[in-house]
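Number of protein chains: 2
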Amino acid sequence: MTSSGFRPLDDKSLVEYIKATPALSSKLANQLDGLQIKEVGDGNLNFVYIVVSSAGSFVIKQALPYIRCIGESWPMTKERAYFEATALREQRRWCSDHVPEVYHFDREMALIGMRYLEPPHIILRKGLIAGIEYPLLAEHMSEFMARTLFFTSLLYHDTTEHKRAVAEFCGNVELCRLTEQVVFSDPYKVSQYNRCTSPYLDRDAEAVREDNILKLEVAELKSMFCERSQALIHGDLHTGSVMVTADSTQVIDPEFGFYGPMGFDIGAFIGNLILAYFAQDGHADQVNDRKAYKEWILKTVEQTWNLFHKKFTALWNEHRNGSGEAYLPEIYNNSELQLLTQKKYMQDLLHDTLGFGAAKMIRRIVGVAHVEDFESIVDASKRANCERQALVFAKMLLKERRKFQAITEVVLAVQQEQS
Amino acid sequence: MTSSGFRPLDDKSLVEYIKATPALSSKLANQLDGLQIKEVGDGNLNFVYIVVSSAGSFVIKQALPYIRCIGESWPMTKERAYFEATALREQRRWCSDHVPEVYHFDREMALIGMRYLEPPHIILRKGLIAGIEYPLLAEHMSEFMARTLFFTSLLYHDTTEHKRAVAEFCGNVELCRLTEQVVFSDPYKVSQYNRCTSPYLDRDAEAVREDNILKLEVAELKSMFCERSQALIHGDLHTGSVMVTADSTQVIDPEFGFYGPMGFDIGAFIGNLILAYFAQDGHADQVNDRKAYKEWILKTVEQTWNLFHKKFTALWNEHRNGSGEAYLPEIYNNSELQLLTQKKYMQDLLHDTLGFGAAKMIRRIVGVAHVEDFESIVDASKRANCERQALVFAKMLLKERRKFQAITEVVLAVQQEQS
Ligand SMILES: Nc1ncnc2c1ncn2[C@@H]1O[C@H](COP(=O)(O)OP(=O)(O)O)[C@@H](O)[C@H]1O
Ligand SMILES: Nc1ncnc2c1ncn2[C@@H]1O[C@H](COP(=O)(O)OP(=O)(O)O)[C@@H](O)[C@H]1O
Ligand SMILES: [Mg+2]
Ligand SMILES: [Mg+2]
Ligand SMILES: [Mg+2]
Ligand SMILES: [Mg+2]
Ligand SMILES: [Mg+2]
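Residue numbers (our numbering), protein chains in the order written: chain Z, 1 to 419; chain F, 1 to 419.
These are calculated hints, taken from the structure and not from any lab test.
Fair warning: there could be bad hints in the mix.
[Stated by the list, open to error] Straight-line Cα separation of at most 25 Å, BS3-like style, residue types lysine-lysine; simulated pairs: (1) F:K343 / F:K382; (2) Z:K399 / F:K344; (3) Z:K395 / F:K403; (4) Z:K344 / F:K310; (5) F:K399 / Z:K343; (6) F:K399 / Z:K403; (7) F:K344 / Z:K189; (8) F:K12 / Z:K399; (9) F:K189 / Z:K399; (10) F:K343 / Z:K403; (11) Z:K343 / F:K343.
Quantities reported herein were computed from a predicted structural model and do not represent experimental measurements.
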């Protein structure tokens, strides 16, 4: 491997790089003639190359020292690639069914070589916009979240392991700061980066900036995000970080990974599903009124949480006598107490999930980075109506989250928002 | 400085060490004849030497790779001295009035040279047992806690600084584990290390081990202790870590320091004051019924919290436009909202304080390490009565902590427990 220092790759230098890197060239049976290379990065931050030959394929992802969609004016450490590679490997360790394999990592080059998620894999968000049902999505995502979060929490880690891992991921501070800014701060203040569907939502965006109770609640969530090392979270688990086919679900792009509150991941996923729901009216046409699809989305929200709950508590029960030190079996030694502690833990986690989910929804409507679900609705007034419904719901959810006891109540509230 | 590897010191080799260490010998004007050396470690973990000559003085504290009061059968990293030295310096940086100066630190030798807190300084716990009033105690301790906690929290730190410091103190994991065990676990299970005033309290200790609601609440506190990096806490802030005279208050022994929940420190101090209160009846005699002293202790509890509240929020207001990123002034931009957020923050902190304080009380009655306040009551049945009152109060406080809105209500509850 020849990696003397960092250089941004292009299609040409990438071939040289692959030649010099056995872990990559071997995937192509060392046959580099007729290689097809395509840059497909549609994300906000990095460059992604699909590399395909007749003998094999992989994806190369490279981080440059700035944010791609903004440019060199917003610098961002390329060390994020190290945390992405580390998180990918750790998540794959616990959930190999739903995380692509890392073939190669080059820290200096901020470069990851990983499995190419071949067609018909598409980004879930695009599937949701197209109105495609994924019957296994809730099953798979609940599995990913239950396993990656459980096995990196103190329910499974002993304290020594946990603090070592927490310390390591403290290094991913620049990405944490970015989240702090774009999720918990910018939407609640005037910021050059904020955007909204203007002029329709100008007043709504202003109302967010003037809502004392909302800001009070957001402060609590931000503190939790900054202070609470509950588990290794993905950190960016929206529907654009999931690639799907009818029977495969793969989670990519954990470059924001660090030890944070579990609810931030679960909330990101569920919040983005609810955004997809509120966007559906904007995609309805005479062929498809999207009514059934909206019901499928809500069923998926419900099943995701309920299956997560089931799997997470099953892992907890299974590993009760394991290495985890949070609930020692000699103390939590009767079934009534075990039920009581789990119920409290899961109830708190639901409330965190709803809070973070709501915050993630809000920031996608009045913050810097919007979602294609809404952006692809061409008629601005129609788009604004969809966004406003989502915003009203999210504000309510953030403020009232502690009143919800079960996910069915949340789903009911979504439906009521629209009727 | 000659420090090739680690060796436990004794009176003799200590003199050689001082000779070879300019930072120490200079404190004695390089005059080492007629040196007086006395080992005074009365703590549980380490060795402390007072070194005095006609020209000057200091204290040498050395950590051995085990727990002193148990012996080599309970190993404990001597690296704790590094975290103690680091915490002492950081705390002194923010509160030089109440933290002794570190003259010298030798990491390999796990050895700290610091200011000798000369007579009449005594350990506060001993003063409380003797019935001595310290009119400035609440003023000083509230100052120490407000300043060390505020300046190491995200109210003052930016995220980058905070995560760097959090990561560093993750290294103090062995001491954190010890706290987890002796404060949050052992008292709630059968453990070879637990002790209580037997047979009087046998049934009470058993009741603690069988109290589901208590265990449910302790789990929440333990999680917070393990997961929440709110500020650099002292980690062992009982009344045996404070040395006092009529006008000086000095906090020593932060070897358990790490980034944890602020309430753990405030609770430790207040909880130990309440233990001192419940011990007073055991120290009463015909000369002194201790009634007035008990009132002074309660007044000190009340003032400590109220002054802490005042100073902490004053620092917050003063640094509102500073480097801290938790509450950006552009978001928390009106006085109603500022009041609202502070009120919520301080109310949560009070509840954490009461929870941790109660847990610290309980562990001193049915756990491994007891307090001299009770131990010095010779009559076992009398001692058991004092301890039982404290235990009943602490259990109530731990379970009902969220119902208390102000410290006066807590003080009232203490008084009611005894009437
Ligand atoms: N392993 C992969 N297989 C196939 N396509 C991928 C893979 N990784 C990324 N992509 C494509 O590249 C896009 C951007 O990747 P992503 O990891 O999300 O980058 P960013 O960090 O910039 O958001 C994805 O939306 C997806 O279309
Ligand atoms: N700087 C000091 N000045 C005077 N006495 C001290 C000083 N530091 C410690 N001591 C004495 O040594 C005892 C043990 O010190 P401490 O730091 O609490 O050790 P440990 O970690 O073993 O509890 C204290 O109770 C006090 O009597
Ligand atoms: Mg992405
Ligand atoms: Mg990304
Ligand atoms: Mg001590
Ligand atoms: Mg002062
Ligand atoms: Mg100590």
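Does K403 of chain F sit within 25 Å of K395 of chain Z, going by the straight-line distance between their CA atoms? This hinted pair is violated, its Cα atoms lying about 28 Å apart.
Satisfaction of hint between K344 of chain F and K399 of chain Z, Cα-Cα up to 25 Å: 14 Å, holds
Is K399 of chain F within 25 Å of K403 of chain Z, Cα to Cα? 22 Å, holds
CA of K189 of chain F to CA of K399 of chain Z, is that 25 Å or under? At roughly 39 Å apart (the allowed maximum being 25 Å), K399 of chain Z and K189 of chain F break the hint.
Verify the proposed pairing of K344 of chain F with K189 of chain Z, using a straight-line Cα cut of 25 Å. 21 Å, holds
Below or equal to 25 Å on CA atoms is what counts here, so check K12 of chain F against K399 of chain Z. 66 Å, violated
Has the given pair, K343 of chain F with K403 of chain Z, been kept, meaning a C-alpha gap of at most 25 Å? Distance ~22 Å between K343 of chain F and K403 of chain Z Cα, so the pair holds.
Would you mind confirming whether the straight-line C-alpha gap from K343 of chain Z to K343 of chain F stays at or under 25 Å? 29 Å, violated
Decide if the proposed pair is consistent with the structure: K399 of chain F and K343 of chain Z, CA atoms, cutoff 25 Å inclusive. Satisfied, since the Cα-Cα distance of roughly 17 Å is no more than 25 Å.
Holds or violated: K344 of chain Z with K310 of chain F, Cα cutoff 25 Å? 33 Å, violated
For K343 of chain F and K382 of chain F, compute the direct alpha-carbon distance and say whether it is at most 25 Å. Violated, because 42 Å separates the two Cα atoms, which is more than 25 Å.
When held up to the earlier numbered hints, the structure conflicts with 1, 3, 4, 8, 9, 11 and fits the remainder.
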